[in-house]
Structures are given as structure tokens and as C-alpha cells.
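Mapped onto my numbering, the consecutive letters of the sequence shown carry residue numbers 220 to 571.
Note that these hints are calculated values from the structure, not bench results.
Quick caveat: nothing in here was measured; it's all calculated off a predicted structure.
C-beta: ideal position from N, C-alpha, C; glycine also.
The hints are all genuine.
Straight-line Cα separation of at most 27 Å, DSS-like style, residue types lysine-lysine; simulated pairs: (1) Lys466 with Lys501; (2) Lys311 with Lys259; (3) Lys259 with Lys310; (4) Lys410 with Lys381; (5) Lys326 with Lys273; (6) Lys523 with Lys496; (7) Lys273 with Lys523; (8) Lys521 with Lys451; (9) Lys567 with Lys523; (10) Lys268 with Lys520; (11) Lys523 with Lys466; (12) Lys450 with Lys523; (13) Lys523 with Lys437; (14) Lys501 with Lys520; (15) Lys556 with Lys535; (16) Lys493 with Lys521; (17) Lys381 with Lys521; (18) Lys451 with Lys520; (19) Lys410 with Lys268; (20) Lys521 with Lys469; (21) Lys570 with Lys521; (22) Lys450 with Lys521; (23) Lys520 with Lys546; (24) Lys469 with Lys501; (25) Lys499 with Lys523; (26) Lys441 with Lys546; (27) Lys437 with Lys466; (28) Lys273 with Lys501; (29) Lys520 with Lys441; (30) Lys469 with Lys273; (31) Lys391 with Lys469; (32) Lys520 with Lys273; (33) Lys450 with Lys520; (34) Lys535 with Lys550; (35) Lys521 with Lys273; (36) Lys493 with Lys450.
Ranges of calculated distance between the beta carbons of each label pair, as one might list FRET restraints: (37) Asp507 with Ile258: 45 to 53 Å; (38) Val525 with Lys501: 25 to 33 Å; (39) Lys304 with Lys381: 25 to 33 Å; (40) Glu307 with Ile258: 19 to 27 Å.
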Amino acid sequence: MINLFNAQIESLSIHRVGNKSRNEGIFLSANPYNLEDEIKPLIKEFFLKPFREKEENYYQFSHETDLEFNELYNLANAIFDSPDKAHEISKKVTTLLFEQSAHPHIKNGEVFLVYFENMQLDNEKMSAIGIFKSELKHDFLQFEEKGSILDMIVQQGINLNKLDKGALIFNKGREEGYKILSVDSNRYDTKYWLENFLGVDILADDNYRTKNYLNFCKNFAKDVVLPAEDKKEEVMFMNRSMDYFAKNDKFEETNFLNSVIDNPELVPEFQNYKTEKAPKYKIEDLSDFSIVNTAVTAARKKIKSVINLDTNIQIKLDFINPESAEKFVEKGWDEEKQMYYYLVYFNKEEKS
220 MINLFNAQIE SLSIHRVGNK SRNEGIFLSA NPYNLEDEIK PLIKEFFLKP FREKEENYYQ
280 FSHETDLEFN ELYNLANAIF DSPDKAHEIS KKVTTLLFEQ SAHPHIKNGE VFLVYFENMQ
340 LDNEKMSAIG IFKSELKHDF LQFEEKGSIL DMIVQQGINL NKLDKGALIF NKGREEGYKI
400 LSVDSNRYDT KYWLENFLGV DILADDNYRT KNYLNFCKNF AKDVVLPAED KKEEVMFMNR
460 SMDYFAKNDK FEETNFLNSV IDNPELVPEF QNYKTEKAPK YKIEDLSDFS IVNTAVTAAR
520 KKIKSVINLD TNIQIKLDFI NPESAEKFVE KGWDEEKQMY YYLVYFNKEE KS
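Whenever a hint applies, use it, and build me the whole structure from the sequences.
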């Protein structure tokens with residue numbers, strides 16, 4: 220888990236890269252940028268806000284190739300070893316990005332390399348390298364007094380509320396390849412940023428395993444529980460699953476199945492589904508791991524506990540304790556109307 224509140228910008232270098240296929244050049248600043256106090260909080264927020272708002276999916280430098288041959292990995296080593304040389308090394312980082320900017324879709328833009336101190340990752344303070352790129356320019360108005368009127372002037376600049384691309388390389392796990400977070404607002408060229416420039420793989424940690432297993436459960440509920448049972452049971456399965464993940468520090472598959480599946484006939488269906496779909500969700504041979512709470516919280520926000528009926532009525536099973544629906548919601552069949560019904564028990568209506 221990251222905490223960026225106390226992060227401090229120790230140095231900032233700004234360069235510009237063009238698109239090689241359009242014969243656009245590269246501009247490398249001779250000196251680091253002298254960041255004044257009044258702009259420092261604005262630019263820090265511009266760089267770090269997207270990482271606070273984004274689910275924490277970590278990467279690390281690829282293990283498919285020897286780390287010694289990953290140029291960006293070596294440049295990160297050099298900066299962490301000699302922070303005073305960060306600006307000179309930033310020129311090499313920017314040149315590396317320029318060499319990958321040959322596809323016609325790649326946009327030109329400013330490149331920022333920041334050396335941070337007091338980053339906090341997993342309750343540990345450390346330094347970090349930030350590499351950011353701005354691509355899209357936005358129109359804005361400036362006003363100027365001309366005689367007796369105010370004149371409007373249209374200019375272009377960067378929107379400080381939207382970072383186009385960014386990566387934070389944390390000074391942790393050098394031997395394995397560093398822990399990295401990445402953001403990319405422009406999805407059309409993700410391969411260029413993640414693969415060609417950063418050269419990273421997904422970090423298969425417990426956060427990744429928790430997220431993937433819950434995503435697998437969500438699709439099992441939709442593909443197997445819903446057709447075999449009904450919408451209520453699909454919702455109940457996912458709520459019991461979320462409840463298990465929320466109340467346990469360790470995941471153990473046998474215990475999980477005993478806790479969340481009421482119908483014994485669905486247990487072999489679960490195993491068959493896992494055998495078939497495991498490669499898609501990267502959970503092959505995964506039957507126990509430590510549960511990460513932040514991943515559970517993020518997944519819970521995406522679970523829809525709503526039953527939509529063809530009579531234009533919605534039933535939202537909005538509860539913390541999943542046993543509530545089992546105790547207080549019943550499904551039945553009305554012979555006279557030839558329709559299904561839900562019977563809901565309650566003591567009083569809550570005032571909103």
C-alpha cells in the first residue's frame with residue numbers, strides 16, 4: 220500500500236520528445252528545472268494524483284530477459300546510486316523513450332523525470348523515480364486589458380488535472396527488478412509505454428492473486444451459478460465470497476468452498492470451471508495465499524448486488540452481512556398469476 224502525502228521532490232528534469240516517424244526531434248534541457256515553492260505543490264499533485272486514485276496494480280522489470288540488459292533498469296540503478304546525477308541520467312532516459320517513439324500513433328510531448336524522497340510503500344519510507352509524459356494539449360483562455368476592453372487570447376497548455384502517462388519506480392527489490400506503478404490515460408499505445416519503454420511484467424504478488432481470484436469468482440457466478448440457480452443465488456454467491464475475503468487474512472480454497480457454496484452439486488462445477496478458465500485468470504495451481512484488503516475493497520466496489528426484474532422493479536441487496544438475504548428474502552411461484560415473486564421481511568422502513 221502506498222502513501223504519497225509526505226513525498227518530496229528532490230530534483231526535476233524536463234525534456235521533450237517528438238515522433239521519429241514524423242521526423243520530430245528531441246529536446247534535452249541543459250540543466251534541471253529550478254522548482255519554485257509556489258508551483259511545487261501544484262506539480263506534485265499533477266504527478267501523483269493519478270496514482271492515489273488508481274487501483275494498485277504493481278509491475279516489475281521483466282524477468283524474461285536478464286535485468287542487466289534492460290537499459291531502463293540500469294538507468295534506475297544509476298539514479299538510486301547517485302541522485303546528484305539524476306539530471307544527466309534523465310537525458311538518457313528521455314533518449315530511450317524517443318527511440319521507442321516511432322509508431323505513427325505516438326504523440327510528441329514533454330517528459331518529466333523526478334527524484335522523490337519520503338515515498339511510503341508498505342509502511343516503509345524510501346526514494347522513488349517518477350517518469351511522466353504529457354501529450355495532449357488543451358485550449359484555455361487568457362484575458363488582457365486593451366484600452367477600455369478585456370481581450371480574450373486563446374492559448375494551449377497542459378491540463379494539470381490529467382496526466383497522460385506516468386510511472387513510479389520504487390527503490391525496493393532491486394534484485395527482483397523494482398516495484399513499479401504505471402498509469403496511462405491513452406490506451407491506444409499501451410504497448411509502447413509498458414512493454415517497449417518500461418519493459419515490465421505484472422508483479423504476481425498477493426494483491427494480484429487476490430484481485431484475480433475474485434475476478435474469477437465473479438465470472439463463475441455469472442457463467443455457472445446464474446444458469447444453474449437464479450439471479451439471487453448469483454448475487455448471494457458473490458456476497459458470501461466477498462464476506463469470506465473480508466473476514467480472513469489467508470485464503471484456503473477448500474475452506475472457501477465450504478463457506479460460500481450452499482449447493483454441493485456446484486462444487487465439482489467450480490473445479491471444472493477452474494480447470495478450464497485458470498490460465499485466463501492466472502490462478503493455475505493457486506489454492507492458498509495471503510488476502511490483501513485493498514484489493515478486496517476495490518473488488519467490492521465493482522460487485523453489483525442488484526436483481527433487475529422484467530416488471531421494471533429493482534431489488535438491491537445492500538448489506539454487509541450476506542446472511543441477511545438468506546433470512547429475509549424468499550423467492551416463490553404464484554400459481555394464480557403464473558409469475559415468480561420475492562417476499563421481503565422487515566421490521567420498519569429506514570429513513571434516508
